[in-house]
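J.: With chain A fixed as given, assemble chain B onto it according to the hints.
Going down the list, the protein sequences come from chains A and B.
In this text, residue positions in the first sequence follow the working numbering: the first is 1, and each later residue adds one.
In this text, residue positions in the second sequence follow the working numbering: the first is 1001, and each later residue adds one.
In case anyone wonders, no lab produced these hints; they're calculated from the structure.
These numbers were taken from a predicted model, which means no experiment stands behind them.
Each hint should be verified, as a subset may be incorrect.
In silico EDC-like links for lysine to aspartate or glutamate, alpha-carbon gap of 16 Å or less [said to hold, decoys possible]:
no., chain 1, residue 1, chain 2, residue 2
1, B, Lys1144, A, Glu617
2, A, Lys618, B, Asp1141
3, B, Lys1144, A, Glu624
4, B, Lys1181, B, Glu1138
5, A, Lys144, B, Glu1617
6, B, Lys1569, B, Glu1551
7, A, Lys144, B, Glu1624
8, B, Lys1060, B, Asp1076
9, B, Lys1013, B, Asp1099
10, A, Lys460, A, Glu517
11, B, Lys1584, B, Asp1554
12, B, Lys1618, A, Asp141
13, A, Lys181, A, Glu136
Number of protein chains: 2
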Amino acid sequence: MSDPLVLFMPSGKRGHFPVGTPVLEAARQLGVYVESVCGGRATCGRCQVSVQEGSFAKHKIVSSLDHISQRGPKEDRYDRVRGLPEGRRLSCSATILGDLVIDVPQDTVINAAVVRKRASDKVIERDPAIRLCYVEVEEPDMHKPLGDLDRLKAALVRDWGHAVGFDRLEVDFALIPQVQKILRAENWGVTAAIHHDNGEARIIALWPGLHNEAYGIACDIGSTTIAMHLVSLLSGRIVASSGTQNPQIRFGEDLMSRVSYVMMNPDGRHAMTAAVRQAIDSLIGEVCEEGKTARTDILDLVFVGNPVMHHLFLGVDPTELGGAPFALAVSGATHLQASQIDLSVNPGARVYMLPCIAGHVGADAAAATLSEGPYRQDEMMLLVDVGTNAEIVLGNRARTVACSSPTGPAFEGAEISGGQRAAPGAIERVRIDPVTLEPRYRVIGTELWSDEDGFAEASKLTGVTGICGSGIIEVVAEMFLAGIISEDGVIDGSLAERSPRIVSTGRTFAYRLKDGEPSITISQNDVRAIQLAKAALYAGVKLLMQKQGVETVDAIRFAGAFGSFIDPKYAMVLGLIPDCELDKVKAVGNAAGDGALMALLNRGHRREIEETVRRIEKIETALEPDFQKFFVDAMALPNKTDAFPRLSAHVTLPERKQPQEGEGGRRRRRSR
Amino acid sequence: MSDPLVLFMPSGKRGHFPVGTPVLEAARQLGVYVESVCGGRATCGRCQVSVQEGSFAKHKIVSSLDHISQRGPKEDRYDRVRGLPEGRRLSCSATILGDLVIDVPQDTVINAAVVRKRASDKVIERDPAIRLCYVEVEEPDMHKPLGDLDRLKAALVRDWGHAVGFDRLEVDFALIPQVQKILRAENWGVTAAIHHDNGEARIIALWPGLHNEAYGIACDIGSTTIAMHLVSLLSGRIVASSGTQNPQIRFGEDLMSRVSYVMMNPDGRHAMTAAVRQAIDSLIGEVCEEGKTARTDILDLVFVGNPVMHHLFLGVDPTELGGAPFALAVSGATHLQASQIDLSVNPGARVYMLPCIAGHVGADAAAATLSEGPYRQDEMMLLVDVGTNAEIVLGNRARTVACSSPTGPAFEGAEISGGQRAAPGAIERVRIDPVTLEPRYRVIGTELWSDEDGFAEASKLTGVTGICGSGIIEVVAEMFLAGIISEDGVIDGSLAERSPRIVSTGRTFAYRLKDGEPSITISQNDVRAIQLAKAALYAGVKLLMQKQGVETVDAIRFAGAFGSFIDPKYAMVLGLIPDCELDKVKAVGNAAGDGALMALLNRGHRREIEETVRRIEKIETALEPDFQKFFVDAMALPNKTDAFPRLSAHVTLPERKQPQEGEGGRRRRRSR
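Chain A extracted, bound-state conformation (with noise of 0.2 Å):
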């Protein structure tokens, strides 16, 4: 008779254990990640997880309560201190009796950090770069006179080495002085947060007794805001998460004006530099707070942010960035201790930054990559991240490429009459009736639309200051829609006879969407903001695609917070995005945040996305000769050579000057 057949879930590890074997040894040995902190003492609580009964035909396999040890005098007494969930078993004591099917919770779920739209939610297998480790160190002994720290070294090696990784230790230089103390506090019984990342082990901090918390920081440092998310790391769960705006702004609005800042005064870098790290600091101050956590139980931060944020946190000048060659001063990840960089958290906590993938396409991009993972699937992926710059990935398993395009700050509501942050009181929705050319709209602030009842008083709060990337995108495109502008984004002044909407403003004409204080006009120069912007978004998809040799792609993802506001569907007719089935186009929400998250909580994430970095072809726009022609092309609406057959399916498109073969309806009105 064989042994029995364990299998673990989510994991779907499984392997044949000896009646007697604990459920944790027999996930070490599988290498399924269940934590652990005081090494089997049944003290901790973490390595908790429940047995699934019954018939598993697809794994043919039988599991039972009767399968798994009863309850012993270790987990009753945990029961008795720290209550035990009914289901739960400490797997430190439980062992295997027959065939189990085991369940190990994964707490570790990401939720967009927009609100919103929400992402999928996504799980996160653990295995964070900080382990606890309890241990009990032999007491000092005139034969074998080894040092406190040696032995205790001895003793982590001993009990944790095989099942961590390591069978050599290095300790932070500062924790040599109060080594001694610590050990003879709790009657040298100690726990080591071990950092175990990068090629070695070594030990971070040290707490006398059974110390169960740690805690990590995620963090995508955007040029206007700062998100941050504080995790346990042996639950894996996000206790609290917040947001502030980057302080830099008072330094200059997008990303080149605060390089300029630097190159024209002497102490911009330092200024910057400071003015980031501590408005991280008092992020870090605001989600301990939220989360009732003491700074010092903080461990390990994971930062993304694009090349100027990333250089400039770490206090690195970012000049360089500022023109050809754009040459980053460090690509690669970059491993330091948050005490070089003024954080406030656990005085040997470490820091992780992601690698940037090139001089315009940063680590934030690196994260959102890692956390889509084109390069894990067969679909053709695009992942387009819209700022002042565009950072766009095309892959799929065989092959990723990536480029930034200069979209300017048209799609953040800058350079736009009316435009303004998305915030409450911008108009974020618009239609406009084809026939009357009689707009309604909805604010950020109030589900109702400006034509329903109640929205007067709705709407009395916030009032309707102006209109947010998202609105610009919807009136521009309902602009086309209506007839009101052309393929080739003039507004029709003919239409002024039959609208008084239509206005002129001299030689051009405008497009009246709000009358009243404020008033808010779409004018031809916003429309041709909007054409440059989205002409530079889609001819840097267009030059992946070239690369890619398609024609097509399978799956879009929107990240950052633009992408999680706009509408697929207007995306496509003004022509950001190439076409494609509009139920693959998803917001991702901060896709960079939850790479961040995923590096944090897995270590082998990091090893995934530095070697997916470098296996990126990067292309520069700049250098490449159809850029200028795919730029041209696609100032026209939605695009002067491209057909959208998907999109057809759901929206008619005004016909073109000269139809392209393979272009669809020809109705000029469309129904919705």
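T.: Frame of chain A; chain B shown alone:
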């Protein structure tokens, strides 16, 4: 016909290489250490070798200048710019044409730091933990947007990885913000200092262009004196040496009073740590000035010291060392950065501290063990470093044991009525006429004996101020040999009838060594103090001999200042050390400092002493039942139970009350 045979001296490594192989490449393939900074560009001049001409029958090789390529344009250029000494060749440019014997200059020769007795000069083969590596880095390329640092690393791995032995590089975080400016300053030529020790290779410093200087510090932190060498890591030459008093003396003369100071004063540890670090930093300034070396060119530092000095220097509270079980905070070798202990050297400079052997046997004893190498030879070697504690090592290739023994400060002139430190004016040599009992002596500062013409004049500047450790050994030994004291150490009062030198001091007698101001008298208490000290030392030695199962030792090495000044014969007459051939008893000066130097210049020696310390068997005298008996026996002069047959060939020892078998001559007077 086989390839030419090339033999490198002094290592004796040899191999066959194709005609045209550069000599440097041949050396690397054989693992012969030849320095090179420029990486074969013939600009640094560090790879110089010379060719030995002639027939070397022992090696079956005929070497000739015709067997090496003629000086080419690169060597001519180097000669014009920097000068190439007659007979020297740049091994990166000279190629092999036929059989060759190549001399690799070994500039590192240890000279014992103590001036008067020179240890036999020793050559240290070089393989330092720090290497300077010049590379030319590829310029940024928008098609391959690797960061500047990443391209630097790639260039270093490409040009140096094989020669130095690394395939990946870490980098100190502090360098990241500087890397772009440094790379651009000299047109992408840059010199990196790579620290390659302890399992990782890491860039710790960067300079634009060719940087051709790297220095190290080897330092012995004694309780009384701090001794330091400044050494070129590129040539191995000691460019300056200096010493200073340990300023911790103001907190307590001996180790235990310093430990007590820490226990009594809340900031005592901090004050003593700051004091010793400041003294070392000042000493670094001194040797830099003497050696005309910039502090920023110091890249590696090795420190040794006894356990209390070791701990205080590292900032560790030494309280645990003040009582059983004498637990060290850390016993293993310690790696840190110079900036972590407030030393003003290169910001990336590394510090290595040798391991401690036990709570009373420190890194200084480990360094002395490394220097004298009992474990490298077949002879049973006794290594003794006398201070307030004697650190004692006994061993050979097969087995090494070590202990410490509480000799107290008598050997250093403390607790002796006329005692003083070894300094000008101190009596260091004494002879007593066995008939008249009249003494003559010599003082530090003049070569003349007190009964020679001109002594009064010669000693006028210093005076005769007291008696130092070696003087005390000699006067007590001479009193014994002259019959003034018996084998149990009692001053024979009956001799007062015969000589006015013997005077009554109440219940005991004393010997008047010198009259006048100050008068110096050897009292019964002084003799007792020396008896106690020597008994402790001898008992420790005896214990180790018992552990090794030997009745005799083959060689004795006295390390430290004390050992440098005493005459082995008198040490043996008193019974400080066991019987041994007198010409096998050697003072080796500051062997601890020599060991530090070896660890500085060759990282292989670090691994060697780490491994040796793990293997050394540590004996704790307090736990050994026989120690007390050995101690009591050793109170007698030279010893109650042991014979000194080999000493007796040189000196006639007074006969014993109950002579032992094997004892030598029976005459009460000796001839000299």
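J.: Which of the listed hints are not met by the structure?
T.: Numbers 6 and 8, in rising order.
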